[in-house]
Amino acid sequence: MNVLAIAAALMTAAVLLRAAVGKVRRPGDLAATMTHLGVPRVVTAPAAAVLISAELATAAALLFRPDAGLTQIAVVTLAAVFAAAGLRAMQLGEQVACNCFGAGSGALGLRQVLLLIPWAAAAAILRFGARAPSVQTGAAFFAAIALGIAALEGIGVIRGMREARDDRRSAEEMYEWLPSY
Amino acid sequence: MVTVLLIAVGLLALLVAALFSALVEMYRDLRQVRDALGILDRPLNVDIGEAAGKRPSQFGLPRALDSAGVAIVLFLTERCTTCQALAAGLLRPLPPDLWVVFEARSAESAAAMLERYGLTELASHGRVIADVEGEIGGRLDLHIAPSGFRVENGRFTYATTVPSTRYLRSILPETLRLREAG
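Sequence order for the protein chains is G and Y. Under this note's numbering, the first residue of the first sequence is numbered 1, with each subsequent residue one higher. Under this note's numbering, the first residue of the second sequence is numbered 1001, with each subsequent residue one higher.
Honestly, the hints are just simulated from the structure, not real lab data. Keep in mind that this is a model prediction, so the values were computed, not measured. Note that beta-carbon positions come from the ideal geometry of N, C-alpha and C, so glycine has one too. Keep in mind that the hints are not guaranteed to be accurate.
Claimed, not checked - Partial list, derived from the structure: chain G residues whose beta carbon lies under 10 Å from chain Y:
1) Ala-20
2) Val-21
3) Arg-26
4) Leu-114
5) Ala-132
6) Phe-142
7) Ala-143
8) Ala-151
9) Glu-153
10) Gly-160
11) Asp-167
12) Arg-168
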């Protein structure tokens, strides 16, 4: 497998895994986005579960079978679903929370439509350059990506911890001042 | 075996990532609660009355402030715990546009306070001023501490309370440094 195909497979898998992890913690947020887009409330919960599963399955397929036609079709299909959601949000003319990577992921819109291009490009690269890695190699890729995602979230934790510590100190100073005022 | 271990590592890492993500969200919620309670760097306006538009030297402050483009005059008192926290948290050397006025009951207690916070040497340079018996504060009709008076083009413009060290740092004027041309 050439370097470009490996990079395309790993990056696409990383994005999908990160997205799935973000969504799986609070599937209700994803269901709320779907409701906002017009999906009937009764099907939003199963639809959210299907989307998260599809992301996880596609990520796994990218790591173990990037050469399979089904994998490439799954990548393009997911990209098309995201782009359709972006188009629908633009049609509604309202701010629809994306929840693409969990809470706080911005709003749906033109970005999802434009991202169809790199998604399709990745699928095309895999179509013409991917070869199935060994199971052990796929597992190593999976472990590396998962550790990378955990490290990124860890950076967020450190940042949040510092901010909370500063807030606590500021609040303590404010508390000490309030009675005299 | 290696494959199974790698997959297990990957799954554990994803679980850790999900837990970290939940922790980040908790920190955000905590910040939101503190903000809603109004205890996050929430300054109050201080009415500076007749001092608005006047030169700081008219109230007993150093003449150098009359030619300051932008400056903050921080008023602290020895009786206020937050003032002590601010004094302890002051950057050394003092930022160039920060002046500190310490109100104290007597010259001895002023000297003791400056000594306690390592500001005696800074006092000798003139930007840390001991306000014995609150003479300067009295002329400004100031009854709240800690408070920060803003000076622009050598005149008082407005003042706020300074509820925390972090807020003080946020209101300090930023010094722009220009590169030499060529």
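Violated hints, by number in ascending order, as checked against the structure: 4, 5
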